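There are 4 protein chains.
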Amino acid sequence: MRIPEGAIVVMLTPFDNKGKINESQVRKLVSFLIEKNVDGIFPVSSSGEYVHMDMAERKFLIDIVIDEARSRVDIIPGTGATCYHQSIELANYAKDKGCSAIVLHGPYFFKNTDEVVEGHIRKVAESVDIPIFVYNIPFFANEVTPQIVERLAYLSNIVGIKDSSGNMVNVMNLLEMTKKVKPDFKVLVGVEEIMLPALLMGARGCMTATAGILPEFMVGIWNAYLNGNINLAYNLQFAILPLIRKMKSFNFPQGFKEALSVRGIEMGPPKMNYSREALLKLADLRERLRLEIAGLLERYFSQALINCRVQEKDSKFNYPQFGSKLLEKKYPDCTLCGNCASRDSVNKEMSSSGAQKEIIERIVENTLRRIIDEIR
Amino acid sequence: MRIPEGAIVVMLTPFDNKGKINESQVRKLVSFLIEKNVDGIFPVSSSGEYVHMDMAERKFLIDIVIDEARSRVDIIPGTGATCYHQSIELANYAKDKGCSAIVLHGPYFFKNTDEVVEGHIRKVAESVDIPIFVYNIPFFANEVTPQIVERLAYLSNIVGIKDSSGNMVNVMNLLEMTKKVKPDFKVLVGVEEIMLPALLMGARGCMTATAGILPEFMVGIWNAYLNGNINLAYNLQFAILPLIRKMKSFNFPQGFKEALSVRGIEMGPPKMNYSREALLKLADLRERLRLEIAGLLERYFSQALINCRVQEKDSKFNYPQFGSKLLEKKYPDCTLCGNCASRDSVNKEMSSSGAQKEIIERIVENTLRRIIDEIR
Amino acid sequence: MRIPEGAIVVMLTPFDNKGKINESQVRKLVSFLIEKNVDGIFPVSSSGEYVHMDMAERKFLIDIVIDEARSRVDIIPGTGATCYHQSIELANYAKDKGCSAIVLHGPYFFKNTDEVVEGHIRKVAESVDIPIFVYNIPFFANEVTPQIVERLAYLSNIVGIKDSSGNMVNVMNLLEMTKKVKPDFKVLVGVEEIMLPALLMGARGCMTATAGILPEFMVGIWNAYLNGNINLAYNLQFAILPLIRKMKSFNFPQGFKEALSVRGIEMGPPKMNYSREALLKLADLRERLRLEIAGLLERYFSQALINCRVQEKDSKFNYPQFGSKLLEKKYPDCTLCGNCASRDSVNKEMSSSGAQKEIIERIVENTLRRIIDEIR
Amino acid sequence: MRIPEGAIVVMLTPFDNKGKINESQVRKLVSFLIEKNVDGIFPVSSSGEYVHMDMAERKFLIDIVIDEARSRVDIIPGTGATCYHQSIELANYAKDKGCSAIVLHGPYFFKNTDEVVEGHIRKVAESVDIPIFVYNIPFFANEVTPQIVERLAYLSNIVGIKDSSGNMVNVMNLLEMTKKVKPDFKVLVGVEEIMLPALLMGARGCMTATAGILPEFMVGIWNAYLNGNINLAYNLQFAILPLIRKMKSFNFPQGFKEALSVRGIEMGPPKMNYSREALLKLADLRERLRLEIAGLLERYFSQALINCRVQEKDSKFNYPQFGSKLLEKKYPDCTLCGNCASRDSVNKEMSSSGAQKEIIERIVENTLRRIIDEIR
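Protein sequence lines, in the order shown, are assigned to chains A, B, C and D.
Residues in the first sequence are numbered from 569 upward in steps of one, following the numbering used here.
Residues in the second sequence are numbered from 569 upward in steps of one, following the numbering used here.
Residues in the third sequence are numbered from 569 upward in steps of one, following the numbering used here.
Residues in the fourth sequence are numbered from 569 upward in steps of one, following the numbering used here.
Be aware that one or more of the hints could be misleading.
Pairs count within a copy or across copies, as identical chains cannot be separated in the list.
Okay, derived cross-link-like pairs now, DSS-like style, lysine-lysine, Cα gap no bigger than 30 Å in a straight line [unchecked claim]:
(1) LYS849 x LYS627
(2) LYS849 x LYS679
(3) LYS747 x LYS596
(4) LYS691 x LYS604
(5) LYS586 x LYS627
(6) LYS586 x LYS665
(7) LYS748 x LYS663
What the hints contain is simulated information worked out from the structure, not anything from laboratory work.
None of these values were measured; they are calculated from a predicted model.
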């Protein structure tokens, strides 16, 4: 049994104007992600707002994703719930539909004791016949501590953990504690900002929303890591941090949904009732995300480069000082495939990258002023 | 339009062995509560584990309660959800079925900003035509601050607040801030331990699970307060504190469910997966709850007194020193209806109440030892 | 041994321009408070920023307060610390100087276990010979739970608890649990907004900063309560809530210090480094506090009334509906001594106070009152 | 100006039986650390319980450390306080005594706003003439967010940040945000478990208590990283995780103090008042720490190897699968200096290392059983 790993997408859910799942956009998104070579898709996710869907909708979403994926990629749906009955029902459905594994976080709403959190996951694991990634997301659901994970790892179908605490002490302890129980236990990181440090410590990939918004980057980090090109992985990892801060600056997960809409997926109206003022801020944010995403893709994956797979190997282990002159110089010399036809034009773009920030800032400012004028 | 007030029951939900709503036990519970003269019933509540039920089950539960109640008591179901669509659907259903009002807490799961929490409730209020009690339960759902409540109180169908924070500063500010907006805005307290102090400050009742477990006491406090018999209300309020601590000592709301089972309602197996060890603790707790509830009812509402409505008026405002000799003496002289036939036997019970604690403790100890022996 | 109770002042500390204790202003403050008939003074308090003072300064502050008080009022200094050595040293000093008792919160800075918190207080209690009020202030120091307090109450010199959690469930449980251990154990409330409900449940007073800023009100509530005039106590309690919200709207305890400066005590420059913008906000806040305090004193304790002790007794237990016509009408008819000669001059003062802001606020108030009247 | 970096020790403080600083043990500790080639010493630290010391003691501790160090290593004392006056006084003292820099966390005790936290650090920075490491330790003091750090980095003497949040998202954002402001801004990690991932992302070292307890390992990680031997750094990093979990299993920082006592430093009695039961647990913990530390040193730094400086360079970037057979095999081939005389004996030790864990576990078990027997 091959357990999924790599750059796995926490899939956001496109809705239609009535708030129902938008099948055609879901299909478009799945196709987009597969084209971008992601390693797996995780529908019915927290960031995908599964809590707003009932059981029938959750099953329907799995149906669409499975159907569109046509076995080209692992599908690993979420089965989170407030009690185990619902999780078991959905896990069995996922198994029947041919999903590769499921993701299961601790129960939510009530504040349960550690013992009950463990009992919840244990009950599901013992009731279903499908590999399970335990999921620690203390912001939304009862925390699943490394100690609980260690004990659960003794169950044969508990195959990994998605840790979204952001706490690297957790990740380190999980790597150390679970390896003793099960050598091939997979620690996946659920926070996009720390994919590379987690990989370097032994994690086997990520499950993040950003993997669906900027698959080029998250797949890029994973492949660069696999190829030993840590230099490239490092550049890609740090390049996306400002974008992530922007996406997180709005009421979660709306900032992420806006960013995905920039990639061409119609996400539908927000699920929450935002004030007129908040919606204006959101429009502004979308514009800023558009510019930032365009800039990132242009810089790191320009048209000519976009279909290149990362191939280069950098045998020297020589971390660049981030943001240093060295890095700026180094970039055009050593990144990406290196045998690209449009190399020179890329280099030209690069050489002017000093001015890029100012240009973007000017565009943003102008756009903002125009919008404000329109509002008046 | 009469808005519910008084001793309103946060109704726990009896389930059958398959985890489905147990209709016959729900009917039994509703009848029991109406017999005990509660002022309202709040089904589809957090303590009633509504989060484990889907929309169809929530509607079915409303159906049963409405049908069994036969307009003898106000029914005020909960409509909590992660987004407004579900809340609106259930609120409209409640309206159609003849419910008096609904209860609505902030959205849960995601950590939304104050603005979004307010927008959520505002959207529901503007979309439905039924009185709404806003519900602040920061332990489970996004906090609804007094400032948000103040702004929402301007909407015509926002008629009150259930505050379950336990924070009396909140209750005081809510009383002060909402009175300026809407003189008849009702502040209800959602925490059983503080019903009396809240009433004395201007709250108009409670919505608590304990009102369904010990309706005699919560109805008793409310009626004593209405009749100006603060002395009696005081005794009743303090008498139940140790029981509440016991119910809260187990993973919520299982301790409350055990207590209700002691009153004769079959609650079904727990919704969470407890270990064998935890289930033994639970059995022990149930035994202790049984003794404590029996003792409380015997002391304050013995067979002969049980149907008496509180009538006495104590014109002297003279708070007893809780637990003092004075209180012990005072109790048989002034509480309850006073013209009860079985007075003497009650007094006799009372006079031996000094020894009561030891007797109960001995019974508990013996029970425990027996159980431990059985386990071995 | 008489244990302090009633309206006890958590004393803020006046500093000079160099950040040292301002002896003359401390003396002025102590005199002011004694004149206002407060029941005790608690120097070296958290709100009094004792954490900014070293041991010598803390002792010096006790010296001044004791000297100025000349045994006219109980002095109960704080002895909080990160470890017991310091607490013991200061407690012994307090004992030697003739203090009536000390206040002791849990250790702070480190997050200690419940066991260590209990051990800390136990060690101090067993090492000193002076009555101790345990102090629960979970916002600043390790929480002292009701269960810990219950166990500590068995020590002979643990005589009471100051609970500043705001959590009324705590207050109720403390009243119930400690009474069984020690009938005269004193529960004092540390949060100004809930003095009256706590008193009505059996608390024996408050320790609050507001008792030093508006001693008329806090002493007034206590005396009204003692005299059975719950009506008056109720009005006084609710009257101060908006002021408290204002004082809390700025970085603690600076809002409280500004309010005390309005009463004529020079508090010195803030201990924290506020930006120019923040200082402007602070100046604005001080102006608003000045108006609000003036209005409160004028309305409830006008010049002619200011020396009147609360005398009225209301034998009817008849809570007013806060904010109702009844209350508004009742006020001039029944509060305080009622035979005030300078009534008209007070009214004249009102109309002639010239600040622009006050005028605006009056207009707003009047408009609001008119609207409220119309709604009625 | 050279700014400290590398493996910097958060120095624990040895006390004597009267609770005062134990000068001779401090000197012994400083010598020990310098012999072990640490890159800096941070006295007056939180883990060193500076909060229990008054200003004179803090200065005295700096005196001893500076005197004993004789400029052989950077001394970077902490200057944390509740308000800026104390921080400035101590920072100036540190400057006069020749310290290389100071460490400054946010104010503690009161919950200040972000603006006030920033103002506090800004005031100190503008008042003193010594390099400052900002220190984020949200468990004990007001959080210093990456946004605050970014703004502070514009001040010339704010040279770095010690982040002890454990949150790697913070570390990543700090690296990215501060580099734009000041290319040589130093991000140091305050949590021992994540030194290597932080280094690999661009951090310039650590400030941790473990660097003083197991300097061999923390210096080892830093040197291995500098030499490009990530393999070795990786092994050292993961090897210490179980020990750290043990040290953290007792009320902080007592577990760390016990571990340091195992290295031969007399730490004195605990500063907190532990129950007899807790002290027995502590004795047990010390025994377990002794075995674990002995095992770690034996395995990775046996007698013959202990003075070897890490020299090897591993040109292949080839992360081992932690805990895999490969790793076990790889270890004796490639770690440490490689030209060591006692190589074979080391290898022999290593080859039996599979059984080592069982042996230690057996010893521990036997010891525990003996202690338990003694207690009975």
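So, going through the hints one by one against the coordinates:
| no. | hint | result |
| --- | --- | --- |
| 1 | LYS849 x LYS627 | neither (34 Å within a copy, 38 Å between copies) |
| 2 | LYS849 x LYS679 | between (34 Å within a copy, 19 Å between copies) |
| 3 | LYS747 x LYS596 | neither (38 Å within a copy, 39 Å between copies) |
| 4 | LYS691 x LYS604 | neither (36 Å within a copy, 39 Å between copies) |
| 5 | LYS586 x LYS627 | both (19 Å within a copy, 22 Å between copies) |
| 6 | LYS586 x LYS665 | both (27 Å within a copy, 25 Å between copies) |
| 7 | LYS748 x LYS663 | within (28 Å within a copy, 49 Å between copies) |
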